[in-house]
Every structure is written in structure tokens, then in C-alpha cells.
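These protein sequence lines map, in sequence, to chains A and B. At the far end of the first sequence sits residue 597, using the working numbering, and the numbering has no gaps. At the far end of the second sequence sits residue 597, using the working numbering, and the numbering has no gaps.
Incorrect hints may appear among the rest.
Since the list gives no way to pick out one identical chain from another, each pair is judged satisfied if it fits inside one copy or across any two copies.
In silico DMTMM-like cross-links for lysine to aspartate or glutamate, where the CA-CA straight-line distance does not exceed 20 Å [as the list claims (entries may be wrong)]: (1) K145 - E368; (2) K269 - D142; (3) K152 - D162; (4) K152 - E163.
Quick caveat, the hints were computed from the structure, so don't treat them as lab data.
There are 2 protein chains.
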Amino acid sequence: MGEALKGLKRTMMCGEPRESHVGQKITVMGWAQRKRNLGGLVFIDLRDRTGLLQVVFGEAINKEAFEKSDLVKPEFCIAVTGELVMREAANDHLPTGKVELKGAEIKILSESETPPIYIKENLDAAENVRLKYRYLDLRRPDMQKILMIRHKTTKIVRDFLDENGFLEMETPMLTKSTPEGARDYLVPSRNFPGKFYALPQSPQIFKQLLMVSGYDRYFQIVKCFRDEDLRANRQPEFTQIDCEMSFVEEDDIIAINERLIQRIFKEVKGVDVSLPIRRMPYSEAMDKYGSDKPDLRFGMEIKNISEAVADTEFAVFKGALENGGSVRCVVAENCASMGRKQVDKLGEFVKTYKAKGLAWIAYKSEEEIKSPIAKFFSEEQLKSLIEAAGAKVGDLILIVADKDEVVLQSLGALRLELAKQLEILKDNNNYEFVWITDFPLFEYDEEENRYVAKHHPFTSPKDEDLELLETAPEKARAKAYDIVLNGEELGGGSIRIHDSETQERMFKALGFTQESAWERFGFLLQAFKYGPPPHGGIAYGLDRLVMFLAGTDNIKDVIAFPKNQNAYCPMSEAPNVVDLKQLNELGIAIKEDQKEE
Amino acid sequence: MGEALKGLKRTMMCGEPRESHVGQKITVMGWAQRKRNLGGLVFIDLRDRTGLLQVVFGEAINKEAFEKSDLVKPEFCIAVTGELVMREAANDHLPTGKVELKGAEIKILSESETPPIYIKENLDAAENVRLKYRYLDLRRPDMQKILMIRHKTTKIVRDFLDENGFLEMETPMLTKSTPEGARDYLVPSRNFPGKFYALPQSPQIFKQLLMVSGYDRYFQIVKCFRDEDLRANRQPEFTQIDCEMSFVEEDDIIAINERLIQRIFKEVKGVDVSLPIRRMPYSEAMDKYGSDKPDLRFGMEIKNISEAVADTEFAVFKGALENGGSVRCVVAENCASMGRKQVDKLGEFVKTYKAKGLAWIAYKSEEEIKSPIAKFFSEEQLKSLIEAAGAKVGDLILIVADKDEVVLQSLGALRLELAKQLEILKDNNNYEFVWITDFPLFEYDEEENRYVAKHHPFTSPKDEDLELLETAPEKARAKAYDIVLNGEELGGGSIRIHDSETQERMFKALGFTQESAWERFGFLLQAFKYGPPPHGGIAYGLDRLVMFLAGTDNIKDVIAFPKNQNAYCPMSEAPNVVDLKQLNELGIAIKEDQKEE
Chain A
1 MGEALKGLKR
11 TMMCGEPRES
21 HVGQKITVMG
31 WAQRKRNLGG
41 LVFIDLRDRT
51 GLLQVVFGEA
61 INKEAFEKSD
71 LVKPEFCIAV
81 TGELVMREAA
91 NDHLPTGKVE
101 LKGAEIKILS
111 ESETPPIYIK
121 ENLDAAENVR
131 LKYRYLDLRR
141 PDMQKILMIR
151 HKTTKIVRDF
161 LDENGFLEME
171 TPMLTKSTPE
181 GARDYLVPSR
191 NFPGKFYALP
201 QSPQIFKQLL
211 MVSGYDRYFQ
221 IVKCFRDEDL
231 RANRQPEFTQ
241 IDCEMSFVEE
251 DDIIAINERL
261 IQRIFKEVKG
271 VDVSLPIRRM
281 PYSEAMDKYG
291 SDKPDLRFGM
301 EIKNISEAVA
311 DTEFAVFKGA
321 LENGGSVRCV
331 VAENCASMGR
341 KQVDKLGEFV
351 KTYKAKGLAW
361 IAYKSEEEIK
371 SPIAKFFSEE
381 QLKSLIEAAG
391 AKVGDLILIV
401 ADKDEVVLQS
411 LGALRLELAK
421 QLEILKDNNN
431 YEFVWITDFP
441 LFEYDEEENR
451 YVAKHHPFTS
461 PKDEDLELLE
471 TAPEKARAKA
481 YDIVLNGEEL
491 GGGSIRIHDS
501 ETQERMFKAL
511 GFTQESAWER
521 FGFLLQAFKY
531 GPPPHGGIAY
541 GLDRLVMFLA
551 GTDNIKDVIA
561 FPKNQNAYCP
571 MSEAPNVVDL
581 KQLNELGIAI
591 KEDQKEE
Chain B
1 MGEALKGLKR
11 TMMCGEPRES
21 HVGQKITVMG
31 WAQRKRNLGG
41 LVFIDLRDRT
51 GLLQVVFGEA
61 INKEAFEKSD
71 LVKPEFCIAV
81 TGELVMREAA
91 NDHLPTGKVE
101 LKGAEIKILS
111 ESETPPIYIK
121 ENLDAAENVR
131 LKYRYLDLRR
141 PDMQKILMIR
151 HKTTKIVRDF
161 LDENGFLEME
171 TPMLTKSTPE
181 GARDYLVPSR
191 NFPGKFYALP
201 QSPQIFKQLL
211 MVSGYDRYFQ
221 IVKCFRDEDL
231 RANRQPEFTQ
241 IDCEMSFVEE
251 DDIIAINERL
261 IQRIFKEVKG
271 VDVSLPIRRM
281 PYSEAMDKYG
291 SDKPDLRFGM
301 EIKNISEAVA
311 DTEFAVFKGA
321 LENGGSVRCV
331 VAENCASMGR
341 KQVDKLGEFV
351 KTYKAKGLAW
361 IAYKSEEEIK
371 SPIAKFFSEE
381 QLKSLIEAAG
391 AKVGDLILIV
401 ADKDEVVLQS
411 LGALRLELAK
421 QLEILKDNNN
431 YEFVWITDFP
441 LFEYDEEENR
451 YVAKHHPFTS
461 PKDEDLELLE
471 TAPEKARAKA
481 YDIVLNGEEL
491 GGGSIRIHDS
501 ETQERMFKAL
511 GFTQESAWER
521 FGFLLQAFKY
531 GPPPHGGIAY
541 GLDRLVMFLA
551 GTDNIKDVIA
561 FPKNQNAYCP
571 MSEAPNVVDL
581 KQLNELGIAI
591 KEDQKEE
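Chain A extracted, bound-state conformation (with noise of 0.2 Å):
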């Protein structure tokens, strides 16, 4: 058991000591960061969240307190009461650097084992041990650091949006299963047994109500749940800034929530986004990139170049055609003498994303065109396409031919593919924002062979594309925008549908009967009956942009307590065995194949 501050208090932070402080006498406390014992003289590195402060202690300054410090090892627990004075030699490296305290008390507050994790920047650790001693992982000061930005950026969310009229209103955590999108997490019910509350996915429906409620602008940093087979960067449990809006339509959506994007990106990167930040409908975003999120740090567009080839005897683009399909390439510039073997990883790579293959075209000079499908086109036809293409002399063409969705999926790839290993992003620190538009209403599900909502059900679709909701699904574009930073989806948005009769059509057109679409989401259909005003909204993932501010491509840097890719907690335990009791009493049971020994 360590000693009781009986009444000491901290006067400074380890990190605030400055020159202009000397000759004080402070109460510092933190964790002893190391020990040194040098010249007959003990020091100290004093670390709290603010920083370190050297300590030292010696038989001149207080024999008492010297003898003691001795006792420190890394990670105890101590207070320590003394003069600052200025430094022999200064550590430029450290903010305090210029100054030390002399220790005239210590007191040990409590001791500490060997961490059996280092408590350092860029710790190098297994991460299922981070995990486990998570509470020791957090010490580290880039943890500390990171989860501060978390800290500060929801302040800033929240002072903007409170400056600008909008209410943090919280909504259930125990609603309702609506089996449309992700899987529900299920809790069950002891008063009701046999039924489930179901954690909530987005506070979609209840920020809706809330607008019909009159509430005019609603905001909420919130927890939601998707029990989903988690890949990398994916918690089962995440955390959503969400806001709704009445009266508005996109435009004002958008201009509001860039001044919002604007304004963290100052406060917490000093990073001036320029406004109004750029938009670019759906379409474009993937004819140019193959992605409705574009990385716009750099070029390398993808190009059409079908007319170009139309008249070719090459079997694949002429196949790729003919199926309705398209022959369209990336320019690789200044790769034409790329190795053999490299352009063969390339259509490996490809091939992941459904392409058949990857044809290339190395335009190594005026005279020299080298490339396997040459032989089917004549000198003619071969300059048309590199100047469809755009290339230059010493740029090599990559080439993709077969339906569309393909091509572009697999060129979006390539190009960044190609960026990663071509270090074009090397030394960017460039923010490149744009709003995507005009994303179409749905998009086909192969596998339950209808429709779905590409945002969700409630989306609603252009003025102008109403009608096609039960003629030409397919082609309904949607009034919904996503925010986009350099690759990576920020967050996104609608407006909203707000009266029953589209939503019961929109509804349907997703092949849901009248009866089963009241079943989930009577009280929304019933609730625009009663004078709902036009309202929309945008959510924004709080893990992903603080990954963003702080730099880090790990969503377990930026949550205190994440779960590990079983979304299991080494630390707790969680999830556990509960006691046969407590299943009774919610009517429930393990299925028999399901019991451990």
C-alpha cells in the first residue's frame, strides 16, 4: 500500500514547468518514467498527460527524500514537492528541457510490478497483449494524445452545432429489430420473454421523428451496433455524429456541414479547408476514378477509350463491347520500362476485383510500342488509343476490357494500387475534399435478387426521378451526398423522404408488401400522416475522422476500449459466461450444440 496525499495537493502539471516558473516551489505527481542514478545524485523522468518533467533528488537537497526516491522504479506512482531551478544542461527535445525540480518530499503513492508492455511512443507490441493491458497500452503518450484529439474534436462538433441552433437530443438504445441492412445486436427482454429489443444501428428513424417533432435541428454523438463479420477498421461497436435538419434542402445541408468541416479541421490540424468544397455527382466519381469516394490527391483519371479500339479484331475488346461492356485504361506515367514481372502482379491484382485480365501498352518513345496485343491493331488504331488514352512518350497504358461495373472497379483499384507502389502520395499532406452527389436510389443485390436502398429506405429520390421508382428503378438518382477526404467516405447524407404515400412507393419498389414495410415501420408511415416537414440529414463517423486528425490507419488507436477482430475484449473477458439464472429469467437458452463442456 502506498502513502495518502493527506491533504497534499498538485500545484503543476509535469508538462507546464518553464523557465519563468523558476524559483517556485511546486507539487508535481505522475508515474515514474525512468530512473538514473548518476554523479551521487537520483533523476527522475516525471510523466503525466501533459508531459515530463526531470526530477532530482541528492543528499544535499534532502537526505530524507533522496534516499527514498531510490526506492522509484519505473511506473510507481509518486508526488513530489520541491524548487524549480534551471537546468545544467537544457533537453531541447522536451518542452520542460530547460528546467528540473529539486526534490525536497516524495512521496510514493503507489508502487508498481514490471509493465509487461513498454510505456513509449510507437510501441511495437503483439496487439491481443496491448489489448489485455490496455489500461497500461493507454499510458503510452500517443495514445494520450490521440484520445485527447477525440476529446477535442467532439467539443468543437458540439460547440458548432450548438452555436448553430441545433439540440443534442438522445434516442433509444433499447428499439426495435428492423432486419433491412447490417445485422441487429439482440438483447432480450425479461418482462416480455421470447421477444428482443435489438441495439440501435443508426438513430435513423427516431432523428426523422424528432423533425416531425418540430425539433427543427437535431444533433447526437452516439453510439451504434453492427454485428457484422469485422474486418479491419471495424468495431462492433461505433460512434456517429448525427444530425437531422427541417425546413432545408442539399445545398443547405452541405453548406452548413462544410463551415463544421471546416472549422475542426482548423482547430484541431490548423488546416485551412477552402470553401465551398467541391462536388461531384456519382457518375463522374466513377468515370474518372472507379470509386464513389476518389482519392483527389493525385490524377492518373481513368479514360474511355472504347471508340478508339471499336474497331478492332482483339477478341477481348471486341467481346467486352459487344456485351454492352467497355474497354477503358489508366496511364502509368513514365512506367514504360517497367519489369515484366511488376505488370504481372498488376493483372493478378486486377483479377481480385472480377477482371479477366489486364492488357498494357509500354509507349516507349515515338518509334517504340511495346505491348502483347499490338499485333491486333494497326499503327493507325494504336495512336488513336494512346491519344485517347493521353499518354506521353514513356508512360505505360493499363488496360482493362468487360462490363462496366467491372472495369471501373478494377481501374479505381489499379490506380490506387499503382499510387502506393509509384509513392506518388509520398510527402502529401494534402486534404482533398469533395462532396459526392447524385448517387443512384439503389443498387442490385445479387444475392437476394432484388433491389436495395444504396443509402437506406428513406433516402429520398430526385424531384425529376420520382416516376422512375416503379418503371426504371435503376436509373432513380438520389438527393444524398457524401463527404469524401482523400479516399476515405468522412460521412453522408440525404434528404429525406417526408410523406407516407413516396415512402410506402419507395417501400415497394424495395419488394417489400404494404403489410410487411407497416409491420417495421408503421410509426414512421403513420407519423407523416400528421404534417412531417421536408427534413434531411448527414452522419459522419467519429472514429474515422479522428483516425484522419490524428494520423493514425488503426481504429483501435482511437477507441480507449476497442474489441479485437473476434469483437472480444481481452482485457475484460467480455463476452462471458452468465449464470443458468439469469438465462431463465429471460426465458432464454443455449442451444444443446452450443454448450461448452
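With chain A fixed as given, assemble chain B onto it according to the hints.
This is chain B only, laid out in the frame that chain A set:
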């Protein structure tokens, strides 16, 4: 389907227009509160969350708008553009009552069926109807005002805590079941069939781990869950303002929290809370008020008259004293003439608190003392009893004799009941805050036949009571404090144990084996091995706090989408049945006897 905005922008909220705006062309949007046809004109009271504005339509203003306005019915959602003019007859009840809007253009944004409940203040509709049509109930101005107070309160809390160095940090919702305390809500896990997460009853352990991790000052406004039988003013999910600080003692936490309370009550209510808030040890609160959350807006303190009646032959008093109990009373001022029936009812009342009966003495005048038990006392004994009770002529003395626990509980409840019956608190707008301190560490659980933690098992004993853990746990006091306002607990907290040795002694006193303690709380005990700082914290019930600030005694008024008494939501119909496929994936089954036909 209603008309679209098509670029029309709102320029003002309904509650904003004043004389200074007269002459301006404005556009407002909202709901028709009511419509009147009068003198060839149409008057509509237009409502949004800021208030009401009178809009007038006439043939002379704009014929088309006039005709369209006559189609409007209550709760239609409309947009009106026109000139703001002075009103002929001002309405002093409305902030906008001096002006009105001449409707030159109107858009009917959406129509409304006749709503099933009235949209008005102080609605007296059946609760389940209100909950079923919650989106309409939430349109009522009094509900909107409350939820705006809730938003404002959380904003003030966040601003204050941020200014004082607290970081808002999120803790997990999917956590581990720790069956100590209330019943957990469980969440089946798909990856680990047969295992369960639990929804948190509070982030207690996680916030302590954040202190171990060096975050120094943490807070969170967070949903917590308890699957308990719902009494009035309990909800299965509720919101907590949760704080924790390192390197502090009781006084530090109390000091900063009183400043927070002062700020909230000043900014939301305009009420000045003078600091420091008084403090009262638990034992004094129990002695004087029979409650650990005393209402200090009035006196009527409980008086111990055991000594004064020590010599009596009255069997009830004698028996109580001989059994180690006591004889105590409260004095109802000027109630000596209370009718016999009313006194008998008070007797019935105390029986619900396990008192066997209520003795009474009506001190009608110096000469006349009326009491069914007078015969057991000499005149002198009666006088000294009256003196010990502190009664004056005209007062009624109400006495209970029993074990201390029963005496104090029943008289504490009687005191509050009398205050209600006598309307002592009528027109009392005081805010009487008090910190209750020095709580017992344990209380004895008759059902479980063991000691349980009065607060929770992580609460630190007083330094001087540490050894009582093993020798006389019932006497050990805790470093715990509750903040009480007008007889209700707003929040409570404690200094925590911060070494694994004391924590293990605590678990032992609670009847845990070392093995079972480690099984449940091993990660906390392990964390305490690595230099934990002294720390403590507090948690407020946000719902209850907002009830105070909004002046409502119904918790459902301060939650946008509450559950009813059965933890059921009549609007969304949650909880509900789910697909068998979902249960199969989770490896659970509904027990046969629970299945619906």
C-alpha cells in the same frame, strides 16, 4: 404529397419577430396551431420550436394565398412569405403579440390528418396514447421546452468540465456481466455462441482504469442500463453524468462539483447557489431526518425522547428501549386539534414502514394535554417528554418506539407526509442543497444474508476505519458523498480504493472468495499492480437533474422516447419478436414454455 421548397429559404423563426422587424419581408415555416376565419380574413397561428406567430391572409393581401390558406387545417406544415406589420389588437400573452405577418405567399409543405392528441400545454391524455404518438406529444411546447433545457444542461456541463481539464472519453457498451448489484441486460454473441455481453450499469471500472492509465480527469455523459422492475421514475436505460479525477481527496471533488452545480442552476434557472454547500454526516441525517437524502426546506426534525421516557411503565416504549431500540418523535406544529381520523391515518401510514403504531400527544394548552397514552405517565414525565420533543402549546407530538432503523425510517417518511398534508412546502421555491458524507461502507442484506456495499465495492473506507473491514464491518465508514437537493439524490460518488491489497480485503468482507473476486474483477485487481494513482469521482443522474431544472416530477417528460412501466415502447413496439434465423445465428433458443401460440 405537399409542395417542395424549391429554393425557398426560411429567414426567421416564428418566435422571433418584434416591432423592430416591422416592414421587413420575411419567410417563416412551421405548423398551423389553429386557423380562424374572421371578417373575411384567414388567421393562422404558426408554430415552431421558438413560439407562435400570427399570420393573416386576405383577398386584398394576395388572392391566391388567401384561397390556399383556407385549405389549411391544424398541424398542416406550411411556409409563409410576406411583410411583417403591426397588429391592430396586440396579444400580450405572446412575445410576438404586437406584430403579425401579412401572408403574400403560402406553400403547403405537407398536410395533416386530425391528430389523435391535442398539441397543447399541460395535456391530460392517457399516457399510453401519448407514448404511442410520441412524435405528436413531443410537439407540445412544454415538452419542447424541457428537452431544450436538457440540451442546455449537458452543454453547460461539457463546457464547465472541459474548462477544468476533464476529457470526455467513451467507454464500451458491450461489456462483461458482473452480477454484483442490479440485474444486467445481456447481449448474445454470435462469434462466441453461449456467451454474452452485458450492457453497462455504469462505466465504473472503465473510468477507474482510465485513471490508472493517467488520463487524470475524465467525464462522460453516457447511457447506463438496469434490468430492474420499473417503479415510477425509473427507466431501463438512463443517462449519467460520470466523472473521475486523479490525485484528489474528498474535498477536491466536492469543491469542483459544487462549482459545476452552481453554474448549472445559475445558467438554467437563474438560481444562485451559495458555496460552500453545507455538509452533513450520514449519521446526523439519519438521526434528524430519518433519511440519507433529507429535505432541508423545512424543520420538523426527529427528536430522540428515549431518556425522557426511560422510567415509563408503558409497555411499548419500555419494550423498545429494553430491546436496544429507541423512542422518537416528530412535532406537527399547531396540529393539536387534528381530527382523530386524520391521526389514525397517519398511524396507518407509519405501519407501511414497519412501525407497529403511532402514539400521539396533543399539547392543547398548558392545562390540557390529550393523549391515549397520557395515563401511563406522571405529569412531570409528560412535561419532560414535551420538553425533549421541543413542542409548544398547540402542537401535536407523534411518537414511534421500535428498533432504531424502523423508528427513523417511519418518522422520516412521516415527516415528509406531514409536510405534504400540511402544505408546508407550498410556495416554497428554495433549493436546499446538502452533501451527505461519512456513509457506512456496508449494509447488511437480509435476503442474501451477507454484507453488501452501500455504494459499490470500489469505495474506499476511511483511513481510520480500515481495520474495521475484518473486525466490525458494520461500523466502517466510507469516503463517500451524495449531493442531495430538496430530499432527492442528484448524484453521488466516492474516493476509490487504489491498491489491490485493500481491494481484495474489501471483496473478502463482501463474501467473495479470492478466486471469485479475480474471476469477476481480475483486470481491475491486475491494473492496481502497476502504480494506480489515488482517485475518486462522482456520477449524477441526468434525467433526475433535468426533472429538477424543468420542474416536472415525471421522468418520462425529460426523455424524448421513454419506455412505459413494462419497459415497452408503445410507439415502436419494442421489444418484439425476431426471425428464427437471427436466434440460430446467436446459438440461443426461446424456452419452450415461453413461446407464443
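Evaluated hints:
1. In the homo-oligomer, the alpha carbons of K145 and E368 never lie at most 20 Å apart, since the shortest distance is 55 Å inside one protomer and 77 Å across protomers.
2. Only within a single protomer do K269 and D142 lie at most 20 Å apart by alpha-carbon distance; the minimum there is 16 Å, versus 42 Å between protomers.
3. With identical chains, the CA atoms of K152 and D162 are at most 20 Å apart both within one copy (15 Å) and between copies (9 Å).
4. Within a single copy, K152 and E163 get their C-alpha atoms as close as 16 Å, and across copies as close as 12 Å, so both meet the 20 Å cut-off.
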